[in-house]
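K.L.:
One-letter residues, chain by chain:
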Amino acid sequence: MNEAVTTGFDTFDLVAMGLKIALIVVMLLQVVPIMVWVERRGSALLQNRLGPNRIGPFGLLQSLVDAIKMMFKEDRVTGHVNPFYFRLAPLVSLIPAFMTFAAIPFASHITLGDKTVEFQIADLNVGLLYILSITSLSVYGVIMGSWASNNKYAIFGGLRSAAQMISYELSMGLSIIGLVMIVGSLKLGDIAAAQGAALFHIGPLAIPKWGIFLQPIGFLIFITCTYAETNRLPFDLPEGESEIVAGYHLEYYSMMFGAFMMAEYINMTVASALTATLYFGGWQLFPGLDLVLASAANHGLQGLAFEWTRVALEAACFTLKTAFFMWLFVWVRWTIPRFRYDQLMNLGWKVLLPLSLANIFVTGYLIYLKVL
Amino acid sequence: METRNETPFTSGTYSAQGQGPHHFHSIDHDPDDIWGDSRVVVNIGPTHPAMHGALRMVAKVNGETIEQSYCEFGFTHRAKEKLGENRTYHQFIVYSDRLNYCSALINNVAYAMSVERLLGVSVPERCVWIRMIASEMARVIDHLVCVGIGAVDIGAFSFFLYGFHQREEAYTLIEKLCGARLTTSYTRIGGLAGDAPVGWEDEVKAWVKKTRECLDEMDSLLTGNKIWLQRTVGVARFSKEDCLKYSFTGPCARAAGIDIDLRRDAPYLVYDKVEFDVPIAQNGDVFDRYLVRMEEIRQSLNIIQQCAERMKPGPVWADDKRTRIPDKEVVHNTMEGLIHHFKFFMTGFDVPEGEAYTTVEAANGELGFYICSKGGPKAHRMRIRGPSVYHFQALSPMSQGGLIADMVAALGSINIIAGELDR
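Protein chains in written order, with the numbering used here: chain A, 1 to 372; chain B, 373 to 795.
No wet-lab data here; the hints were simulated from the structure.
Ideal Cβ positions, reconstructed from N, Cα and C, are used throughout, including at glycine.
Fair warning: there could be bad hints in the mix.
Now the stretches of chain A that chain B is said to cover, found in silico as 3 or more residues with beta-carbon under 8 Å [as the list claims (entries may be wrong)]: (1) 149–158; (2) 239–251; (3) 336–345.
Quick list of in silico lysine to any residue cross-link-like pairs, SDA-like style, CA-CA up to 20 Å [stated by the list, open to error]: (4) A:K152 <-> B:V413; (5) B:K582 <-> A:Q47; (6) B:K645 <-> B:R670; (7) B:K598 <-> A:R232; (8) A:K152 <-> B:R670; (9) A:K152 <-> B:Y442; (10) A:K350 <-> B:L634; (11) B:K582 <-> B:E541; (12) B:K598 <-> A:N48; (13) B:K598 <-> A:W349; (14) B:K598 <-> A:M345; (15) A:K152 <-> B:P418; (16) A:K152 <-> B:V412; (17) A:K152 <-> B:S410; (18) B:K582 <-> A:Q343; (19) B:K598 <-> A:R49; (20) B:K598 <-> A:T335; (21) B:K581 <-> A:N48; (22) B:K598 <-> A:Q343; (23) A:K152 <-> B:V430; (24) B:K617 <-> B:L634; (25) B:K582 <-> A:N48; (26) B:K746 <-> B:E457; (27) A:K152 <-> B:T419; (28) B:K582 <-> A:V332; (29) A:K152 <-> B:T437; (30) B:K598 <-> A:V332.
Not the full set, but computed from the structure, chain B residues with beta-carbon under 10 Å of chain A [to be verified]: (31) V413; (32) D525; (33) L533; (34) K598; (35) I599; (36) G726; (37) A728; (38) Y729; (39) T730; (40) V761.
Given the sequences, and given the hints that come with them, work out the whole structure.
P.N.:
Put into structure tokens, the structure is as follows:
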């Protein structure tokens, strides 16, 4: 890709890039109805219920029907809101959610002729910074929506989310620094590639150098912060329905509400993909799969066919890892209660922030000792 | 805040737009709030999702801290007590269901006992055992719903549904008694609407066993959870003295260390013949109320188990011509029976002059029916003492100085049932 940038785009690059963007956008749009279905059926599974099971096999089409309902609902804007910002807010929270995924690699590269195609829209050299900065933009949608709604409960939600997202962004950013120090790059492609090395061997099985083994504390802080960033239980205070009704999207209906909901689920997807990339090797194959691939190569899988098989396996591993963390979001949501606002702030500032700072120093010391 | 403020603030002392005069000063004055206008008045309810039923709290909040508040109720007022003066004793049974609709059977039993006391009727043994099982089942249902909804308000939804499943199973058993699930109307003056079907005791025992397992599961899911403890321990404390001042009864009083339980202190039905413990706690916070309720469910299950084991076949109707509803066979086949049936339901039966006040330990506290009769088939005065009224008065002082989230947790823990509160 970098080579292509220096020589200028040609048709091949344009087509490849177009395909990648289309794939990512379609995938992110598709993940919303699927996640809504997983959430509803998953919560039903956890609660000894059935969940939606009438429309389509296993109720799979329920989300589609809901989406149609949402689109055809009247797009009313009540008199007491600020119509411009009210309509703008859902977009402001939806668009950054889409943008974030651009820097996340979902497979390694493939060489077609003399071209190398990276399976990532943009391997930015400030990849992690880009992601952190874009995700912090999404808070504007929430604040804008709550302020434009001109409703006391919505303002409560907006204030809560502003304080919450800003506090947890800090710990989130600091929790990744340890990993960045070890890898020595902010590029997500590099971070994913660096996790392919073996940490130690158990017989023929290589335990890879995944981020979680190098940065367990960093991982815990990071995943806690992603829950706060995506406004999911136990940190769903901006909408906390039993306290402030629906928080920032209280006044929204139809597809404008739908856009907020989509943004939440896409943010979840991005957060899960990021967790997988940073701490679980990203597109790196699961331990043992490399042996399978090698034996397939020995049995005659060669050339381009082998390359495509490898890419497909990598993409599948990445998807599975991401899917696991998305399921974890659902699992956590339906298991534990909600924090109170002051407790949330205490956790963010008094626990996670010092912990993430300590993590940086410990990591630095270990790097100095050449342990990591 | 000068004192714990229970008086409603009038409009004009404060306006959200900052146009009105400001007479509001507080001791814990916020130094950044130089004009004293960072307070917002929020109207919580009557359609707020946490205000179960239709309750309303108007709160003046600083940030999210409730500095001053008052509560309103009466949105579901249906003039129950007045209806008691305009309906025959038999007709009023259906109204008693709609008091605390989470434990309708206890209301049925309490009302029937009150009228029976006036009449001097005593019901046969099997009827008493069935009434006891029914009451305790209603208590289990009520407590399951209370702790469950309290948890939902704090964000733990699955916990609620585990309990709710057992509640539905209990309703299936109740349905077998009387055909209805929620509004049971099961008791009659001097008897029951119908005897328990054959084999019902065994189903009850199986349900008790399952509910015990379910409770252990619920316990392990929530009781030790760190977030749950943070949200409930020390939240909305209401001391023993305050509880006495506000006439608290039931689990809320016991959670504050007041050792009262009418089942043990003034036994009715045959509570003196079964063994059970009365759990009490000391702190009077949300967590203690939760613990007391969870333990009471277990004790109620013990009582149900004992009752189901000791229940024997026999009549369920008191042998009293006045109150006994004539058998359908007699009604359909004899003229006298038909006339009796007609007179029974159209004019009701005469109750001798006198007064009776009967209290039972309902799920939320002391439930009392005071009936004053001047003869005739209708009460001269019917007064109902519902525990929710007394508990609801405490919501405002209880949530003073807490966050909105604490108020929601407090409301869930004192289990206000609007039907019983507003009547």
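K.L.:
Hint by hint, note whether the structure agrees.
P.N.:
To see whether the hints hold, each was checked on the structure:
1. 149–158: n = 3 at 8 Å, threshold three: holds.
2. 239–251: holds (count 6)
3. 336–345: holds (count 8)
4. A:K152 <-> B:V413: Measuring from Cα to Cα gives roughly 9 Å; hence the hint holds.
5. B:K582 <-> A:Q47: At roughly 16 Å apart (the allowed maximum being 20 Å), Q47 (chain A) and K582 (chain B) satisfy the hint.
6. B:K645 <-> B:R670: holds, 18 Å
7. B:K598 <-> A:R232: Holds: K598 (chain B) and R232 (chain A) sit about 18 Å apart, inside 20 Å.
8. A:K152 <-> B:R670: violated, 42 Å
9. A:K152 <-> B:Y442: holds, 18 Å
10. A:K350 <-> B:L634: Roughly 48 Å separates the two Cα atoms, so the pair is violated.
11. B:K582 <-> B:E541: holds, 10 Å
12. B:K598 <-> A:N48: Cα-Cα ~24 Å, so violated.
13. B:K598 <-> A:W349: holds, 18 Å
14. B:K598 <-> A:M345: holds, 16 Å
15. A:K152 <-> B:P418: holds, 16 Å
16. A:K152 <-> B:V412: Measuring from Cα to Cα gives roughly 8 Å; hence the hint holds.
17. A:K152 <-> B:S410: holds, 13 Å
18. B:K582 <-> A:Q343: violated, 36 Å
19. B:K598 <-> A:R49: This hinted pair is violated, its Cα atoms lying about 26 Å apart.
20. B:K598 <-> A:T335: Given that 20 Å is the threshold and the Cα spacing comes to 12 Å, the pair holds.
21. B:K581 <-> A:N48: holds, 18 Å
22. B:K598 <-> A:Q343: Given that 20 Å is the threshold and the Cα spacing comes to 11 Å, the pair holds.
23. A:K152 <-> B:V430: holds, 13 Å
24. B:K617 <-> B:L634: holds, 19 Å
25. B:K582 <-> A:N48: holds, 14 Å
26. B:K746 <-> B:E457: holds, 11 Å
27. A:K152 <-> B:T419: holds, 15 Å
28. B:K582 <-> A:V332: Not OK: K582 (chain B) and V332 (chain A) at ~26 Å, beyond 20 Å, violated.
29. A:K152 <-> B:T437: Given that 20 Å is the threshold and the Cα spacing comes to 14 Å, the pair holds.
30. B:K598 <-> A:V332: Judged against 20 Å, a Cα distance of about 14 Å means the pair holds.
31. V413: Constraint on V413 (chain B) satisfied, holds at 9 Å.
32. D525: holds, 4 Å
33. L533: Result: holds, 4 Å to nearest chain A Cβ.
34. K598: With Cβ-Cβ at 9 Å, under 10 Å, it holds.
35. I599: Cβ of I599 (chain B) sits 5 Å from chain A, so the hint holds.
36. G726: violated, 47 Å
37. A728: Nearest chain A Cβ about 41 Å off; hint violated.
38. Y729: violated, 38 Å
39. T730: Nearest chain A Cβ about 37 Å off; hint violated.
40. V761: violated, 23 Å
Hint compliance for this structure: hints 8, 10, 12, 18, 19, 28, 36, 37, 38, 39 and 40 are not met, and every other hint is.
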